[in-house]
Structure formats: structure tokens, C-alpha cells
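The listed protein sequences correspond, in order, to chains A and B. Per UniProt numbering, residue 1 is the first one in the first sequence, and the count goes up by one each step. Per UniProt numbering, residue 1 is the first one in the second sequence, and the count goes up by one each step.
Hints should not be assumed to be uniformly reliable.
[Stated by the list, open to error] Lysine-lysine pairs mimicking DSBU-like chemistry, simulated, CA-CA at most 30 Å apart: (1) 332(A) <-> 189(B); (2) 89(B) <-> 381(B); (3) 215(B) <-> 120(A); (4) 128(A) <-> 222(B); (5) 348(B) <-> 140(B); (6) 413(B) <-> 309(B); (7) 128(A) <-> 255(B); (8) 381(B) <-> 215(B); (9) 222(B) <-> 120(A); (10) 348(B) <-> 333(A); (11) 89(B) <-> 117(B); (12) 189(B) <-> 362(B); (13) 333(A) <-> 302(A); (14) 255(B) <-> 120(A); (15) 429(B) <-> 413(B); (16) 348(B) <-> 362(B); (17) 333(A) <-> 189(B); (18) 332(A) <-> 422(B); (19) 255(B) <-> 285(B); (20) 117(B) <-> 381(B); (21) 189(B) <-> 215(B); (22) 128(A) <-> 215(B); (23) 376(B) <-> 140(B); (24) 422(B) <-> 89(B); (25) 285(B) <-> 117(B); (26) 137(B) <-> 89(B); (27) 309(B) <-> 362(B); (28) 413(B) <-> 332(A); (29) 140(B) <-> 285(B); (30) 215(B) <-> 309(B); (31) 422(B) <-> 333(A); (32) 189(B) <-> 309(B).
[Stated by the list, open to error] Listing some non-contacts, in silico: residues in chain B with all C-beta distances to chain A over 12 Å: (33) 104; (34) 137; (35) 181; (36) 227; (37) 266; (38) 280; (39) 340; (40) 358.
Simulated from the structure, these hints should not be mistaken for laboratory data. Glycine residues also receive a C-beta, built at the ideal position from the N, C-alpha and C atoms.
What follows is each chain in one-letter form.
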Amino acid sequence: MAAIFQGLGAAAALSPSNCFDSNKLHLHSRRSLSGRKASFFVVRSDGSVNFASNSRGHKAQQLITNAVATKAENSAASTKAGHELLLFEALREGLEEEMDRDPHVCVMGEDVGHYGGSYKVTRGLATKYGDLRVLDTPIAENSFTGMGIGAAMTGLRPIVEGMNMGFLLLAFNQISNNCGMLHYTSGGQFTIPIVIRGPGGVGRQLGAEHSQRLESYFQSIPGIQMVACSTPYNAKGLMKAAIRSENPVILFEHVLLYNLKERIPDEEYICNLEEAEMVRPGEHVTILTYSRMRYHVMQAAKTLVNKGYDPEVIDIRSLKPFDLYTIGNSIKKTHRVLIVEECMRTGGIVCLSSQDVPTPYAGTLEEWTVVQPAQIVTAVEQLCQ
Amino acid sequence: MSSSTFSSSINAIKPCFCTTKNHSLNPSSIPTSSFFGSTHKLRYNPLTANSPSFFKKNRQTHIVAVSDVKQKQQQLKSTPSLGNLLITKEEGLEVYEDMILGRSFEDMCAQMYYRGKMFGFVHLYNGQEAVSSGFIKLLKKQDTVVSTYRDHVHALSKGVPARQVMSELFGKTTGCVRGQGGSMHMFSKEHNLIGGFAFIGEGIPIATGTAFTSKYNREVLKQADCDHVTVAFFGDGTCNNGQFFECLNMAALWKLPIVFVVENNLWAIGMSHLRATSDPEIWKKGPAFGMPGVHVDGMDVLKVREVAKEAVERARRGDGPTLVECETYRFRGHSLADPDELRDPSEKAHYAARDPITALKKYLIENKLASEAELKAIEKKIDELVEEAVEFADASPHPARNQLLQNVFADPKGFGIGPDGKYRCEDPKFTEGTAHV
């Protein structure tokens, strides 16, 4: 929930500490004692940036402008119809619609109820639906995740929130053995229509433990699906699809994307859990990415376009399984592929990824840990030579 | 079963709960203040022996055995009548049959394992039958049982047909989970048997979840008649695992309809309970979390049944969870792969002499609830049933190739979209089980 973009050139010109120190913050990290500061500006998923437009934002800030020239954004951002909201509000809207639609849908996790979620995704839901449907759990990840699985096996459709995705390491046994395998080991008798979701990714100086990307850890668990949202539009659509799925779904959200703003349709829609999203059609090279790296890629794409390249950008969105149709067709067209992710280098899916180090606290080191737009530009140039 | 039949039994249980209470207040076992400035001395247990007598010495609860109860009854009345008996004839025979089934089935498993008919880790239940039969035979079909890796007998008690369980062990497609689970993963949706959990402790959160569903159905979905109870079984080794503590907390916090049943067989594979647990009296952890903790002789099915009745009814009434520690013993090694060389022969002999099946048989005959002939008939019937289960399993087909990709996802779209733009599950090769996914 801080800055989305670190500017290519601008990042050098502006020190992050000057940039992000003025605002209050409502990010709470339970396992580190101190709160942290962050700014509240919003970045539209089409690349334009609005500052201080939300009520909790304070004064407008100096911007790192990273507006990206995109050919098209396939969400509803450009239409006048619909309503504008932030990504966390889109998640909440999706959740609320599904809770209205089906009384078996319930939420459980740390501080999801009275507190409204550490990123406010469940704000107000406990008041509306009561404490049992929006269940504040003790800090016991393995057990409340398992409880969600047991509830799912007996007819409920729980959404389990990991306050931070990293906390779900404590629930790894439940996610792997029980969430992933019980449908199989029960001979197909029990289904586990559960959604496990929460914020992950490298935030802004959250330190090693709160900056983890667990995608590659979960990747090899059989029987679960994994999706990563990246815009308010797909956040809502994927949330709703995940809730309706008979399969267990892990929905990855990114701490730095919660305040993305976008106009989304008023009418109901859901997204396909198995489909990738074409972000920018192009001819020269296929860039596959997901979550926050989508914005780094789009920033790099702007530079690349200026340099005469025409990259095709695909947000793979479905991390398990991959949409081989969209990905395959693109590669058939461009014959070149660059994969950009924030997950770790070893064991990840890609060529451009984070360094194999615990995420450093210091802003500079942290930045160098994660792929930067300039690296993407360089990589594309090398591929296209 | 009518409540009047059991009014005396329900009374009989009370001392047990009271014992617990009194014990908690016993100044010799609990320091007056364990907080600041406490002069309470840390107790040091010289764990010099694994002998049962040592264990008994450290046990301060009073275990009531069948014979004690019987003696008391005989003091009251010279001839036993239904009013004083702990069980009716029908129930007695049902429980006896269930225990015999458990024992015979497991003995047959050992034979089949050594004959190479089943593989993997096979954990047998011999010696612990009083716990499974004592609890599960009191449950309704809608009630849920959550087991462990030692789950065959829980499945049988819950009503899963022996042939389905045996067939599962043979890895056959007619097994209760189609040959996909094996010994440690028994499930039956029809009988509300939810695992079969192969790792320590991981079934307890699932059980807490099924109990949560009961509460949710009643309070959110307004299904007033939903009074389903969950019974979670696990061992002494699990009681040192966080999931146990975490779930005791949540279950008590939300008053979930669940009974936590510890089958304390004194050994976690080769780790003696006394070497692993700072305070070996597991039942005491119940009151620590705000629920009753009960210690019962797990070699005595009638006592187990009394405690179970109270605990299950308590859950059904909406009064919340109970922790029941059944002190029992496994007559075989941890699994069939365990040579069982560590446990002291005298300890084994001590518990073998307290065989729960022999004890029930004695009670039924002495109280004229059943004749030798009736019990023999049951044994014969079960022998035939277990033989038939083996024949069925042997004759059943192995899973075919087309089963390979089934049941990985409830919605097979989870295998995703292939390069041709179609869902992979639509590919004929997927259905054949030959697709590479």
C-alpha cells in the first residue's frame, strides 16, 4: 500500500525515504512491533497515477511518474460507466456479493472481523453478517486454516485470510496435505471449496519475513489452483470465481497494489480462474508476468516502445495451472519470451526474478532484490538482438 | 436408547467428572499460586523406569474398573438387574461384536501384510478397541468421526463395511476411497468418517472445522435440528503438538460440539509418554482451556462408554467440548514395520492381562447379559465377515489407468487450458488417464 512504481530514472532522483515518509499508515504487521509509514496514493491500472484522492490520504506527494503507454487495457478502466474503487475495495465488493448470494460463504482469519482486516478487505462485513460468518480467529494459522478445510468438507465455503501470506508458512501442512490432497485421498468423496487469500510480495521495507513470495512454495502442491490479482477489475472477478470454484484456490494479493484505482462495471461479472490476461498485444517479444511485476513490465514497455520495440505483455494471472493457449499462441507469434516475476530465482518459473536473498530491510537493497524495469528493458533488448 | 434406562449410568459418570474437579483443587498436585513469588517447587520425576507401576504412581486420578462398579452394584443388590447394569443386552452384544470385529480385522491385516497383500505403513489398533467401540457406537450416523493413521477400526465402528476397508488396504478400486488413500487415509462421506490423517495432529483442526459447520448450520443457517457432534481421536504423542492446543482453545472459545479423545497408549512410536510430556496427565489440559477434562480407563469399554455418553451429550446440547483421556495400550508395535523391541515385556504383560475384550466378555457373562454360546456365535459371524472381506478385496479389480487423473480436482478444469485452447480435462486422453498434465 505504498508506491506502486519505482521510476526508472526517477528512482535514482528521489530517495524513497523522502518520498514516502509523510503519511500515516494502517498497515499492521503483527509480528514486528512497529508500524510503518506509507503513502496513500493510487495508481490506476492503466498506468496513470492519482494522489491523495482517498480519504485516508493526506497531502499530495511528489510523484514518481511511471505512467506507461499501453495499447489497451482490457478492463473497464476507460469506460465512463461503472464505478471507481480501489483494489482492496474491489476484493471486498466481490466478497460481499458472494456472501449475499450464498449463506454458506464465510470468512475466517486474524482480525478479519471487528478490525476489518489488516488491509481492510473485510471492512464492515462482520457488522453486516455477524461474528460467526466473519470469524475473528486466534493467532493459530495452521489450526484455523485446517478448521476452514474441515468446514469446507462439510458444506461451507470459507475464505481464509492470511494476514500476511508469509504467515501461511505456519499453515503449510494444512494447505499441502489437507487442502491439496483430501479430495484425492478421500476418493473424491469430499470437496474442499475454500479460498485462501492474503497479501504477499515485497512491500516497502517490511523486512525479510513480511516480504515473502510463496508462489513457488505452493506451486508443487497437487489439487490446488493459484491465481494472482493485479487490477481492481480482476481482483473482484477472481475473488468471485475463486469462491464459486469447487476446487481449493489460493488468491495472491500484493501489498503494494491494494490502493490501485480503477473503474469497474456496475453489473456483475466473474473472471476465469484458468485464463491469462492479454495486457498489451505486440509482435516482437512475449513478456509473461503477474501481480505487481505487471506494472514494472508496463513501465519497461513504455521505454521499449520508445526504443522501437513492440512487446506483447501477458499477465498470466493463473499461476497454477498456466494458460498454455494464450501463452503458447503468443510465443508462436513472437518466438521470444521473457518471464518477469517477483518470486525467487531458484525454484521460480522464470528468467527474470528476485535475487535468492531474504528481502532486505534497507530500501536500496530491497530494490535491488526485486526485478526493476531497466532490467526488463535490457533483457528484451538482448532477446531481440 | 431411552434416557430412563441410563439414568443410573449417568449418575455413575458423575463421580468421574467430580474426580476431575476435586483433583484440580487438590493442593498437593496444584500449587496454590504458580505465578509471581510462588514457592511451588518444580517437581522432578526421576524417569528411571518405563514401568506401568511408575505411570500409575504418577496418576492421581481414580480409575474405576468394571469390576469395581460391579462390586458396588452387588453390594446394593444381591442379584443384578437391568437397573444396575451399565449396559443392556442389545448394547452389550453390539459393543462386543464391534470390538471383536476390530480385533479380528486387525489380526487379519497383519496376516495379509506378511503375505504381501498390502504394503506401506499399517498401524494396528489391537488393545485399544474399548475406545473406538465405547465412543463411536454411541454416535448417530450424522455425527462425524475424525481419526488418525490408526484408523481402520474407527472406520469399522462408524459403520464402513469391512470389505471396503480391506479392499482399500489391498489398493483395490472397491476400497472405501477407491484405492487412492490406503491404510492411513480412510474416508466415508456416507458414514461421516472424515479421515484418516497420516500426520500427527493435522486431523484435529479438520475436526474443529466440522464442529464449526455444525454450529454454523444451527446458528447462521438456522437449522435448529442440527445437533451433530464431532469426535476427534488422536494419541498421546499428538498432545504435545500445537494443533492440539490451538484447537482446544478455539473449540472452547466458540463452544463447538466436539469431543477430543486422547487414546493415550503411553507410546509415541518409541518415545515414552513420560519422557515426552512435562505433565503426563493430559486430561488436565481440558480445564486449562475452560472445558472438562476426564481421565478414564481406556481398557474398560463400559467406563469409556459412560464418559463418552456424557461428553457427547454435552456437545449435542450445545454446552461445548470435552477432553477425554483414555488410558489404553497397543498390543502390537507402532506399525507392522515396528519390531517392538523397546517396550518392556512386563509392561506389555500388564496390559495384556487387562484385555478390554476379555473384560467385557466377563462382564456380560457374569451379569447374565449373554451366554458363552451367544458370544461364540458373534465371534464366528465376525470371522466369516472378515474372511469374506479378504475374498472380496482379493477378487476386486486394481484401479484402471483411467482413474489416474480423477479426483485430483473436484472440478477438473483445475488442470487448466492446453495449447489447443481447450480444457485439458476435455481431452479423451485425460479421460483415459494417458494425458500428460
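Hints, verified against the model:
1. 332(A) <-> 189(B): Between residue 332(A) and residue 189(B) the Cα gap is close to 47 Å, so the pair fails against 30 Å, i.e. violated.
2. 89(B) <-> 381(B): holds, 18 Å
3. 215(B) <-> 120(A): holds, 27 Å
4. 128(A) <-> 222(B): holds, 17 Å
5. 348(B) <-> 140(B): violated, 34 Å
6. 413(B) <-> 309(B): Status violated; Cα separation ~45 Å.
7. 128(A) <-> 255(B): Holds, because 23 Å separates the two Cα atoms, which is no more than 30 Å.
8. 381(B) <-> 215(B): violated, 40 Å
9. 222(B) <-> 120(A): This hinted pair holds, its Cα atoms lying about 29 Å apart.
10. 348(B) <-> 333(A): Given pair residue 348(B), residue 333(A) is violated - Cα atoms ~73 Å apart, limit 30 Å.
11. 89(B) <-> 117(B): Violated - the C-alpha atoms of residue 117(B) and residue 89(B) are around 38 Å apart, more than 30 Å.
12. 189(B) <-> 362(B): violated, 36 Å
13. 333(A) <-> 302(A): Distance of about 21 Å is within 30 Å: holds.
14. 255(B) <-> 120(A): holds, 28 Å
15. 429(B) <-> 413(B): holds, 15 Å
16. 348(B) <-> 362(B): holds, 21 Å
17. 333(A) <-> 189(B): violated, 49 Å
18. 332(A) <-> 422(B): Holds. Residue 332(A) to residue 422(B) sits at ~17 Å (cutoff 30 Å).
19. 255(B) <-> 285(B): holds, 16 Å
20. 117(B) <-> 381(B): With Cα atoms ~23 Å apart, residue 117(B) and residue 381(B) stay inside 30 Å; holds.
21. 189(B) <-> 215(B): holds, 19 Å
22. 128(A) <-> 215(B): Cα-Cα ~19 Å, so holds.
23. 376(B) <-> 140(B): Cα-Cα ~28 Å, so holds.
24. 422(B) <-> 89(B): violated, 62 Å
25. 285(B) <-> 117(B): violated, 42 Å
26. 137(B) <-> 89(B): holds, 14 Å
27. 309(B) <-> 362(B): holds, 22 Å
28. 413(B) <-> 332(A): holds, 24 Å
29. 140(B) <-> 285(B): Satisfied, since the Cα-Cα distance of roughly 28 Å is no more than 30 Å.
30. 215(B) <-> 309(B): holds, 20 Å
31. 422(B) <-> 333(A): holds, 19 Å
32. 189(B) <-> 309(B): Given that 30 Å is the threshold and the Cα spacing comes to 24 Å, the pair holds.
33. 104: Correct as stated: the minimum Cβ-Cβ distance to chain A is 25 Å, above 12 Å.
34. 137: Non-interface label on residue 137(B) holds, nearest chain A Cβ at 22 Å vs cutoff 12 Å.
35. 181: Non-interface label fails for residue 181(B): nearest chain A Cβ at 4 Å, not farther than 12 Å.
36. 227: Residue 227(B) is indeed farther than 12 Å from all Cβ atoms of chain A, at 14 Å.
37. 266: holds, 26 Å
38. 280: holds, 24 Å
39. 340: holds, 27 Å
40. 358: holds, 36 Å
Hint violations for this structure: numbers 1, 5, 6, 8, 10, 11, 12, 17, 24, 25 and 35, all remaining hints satisfied.
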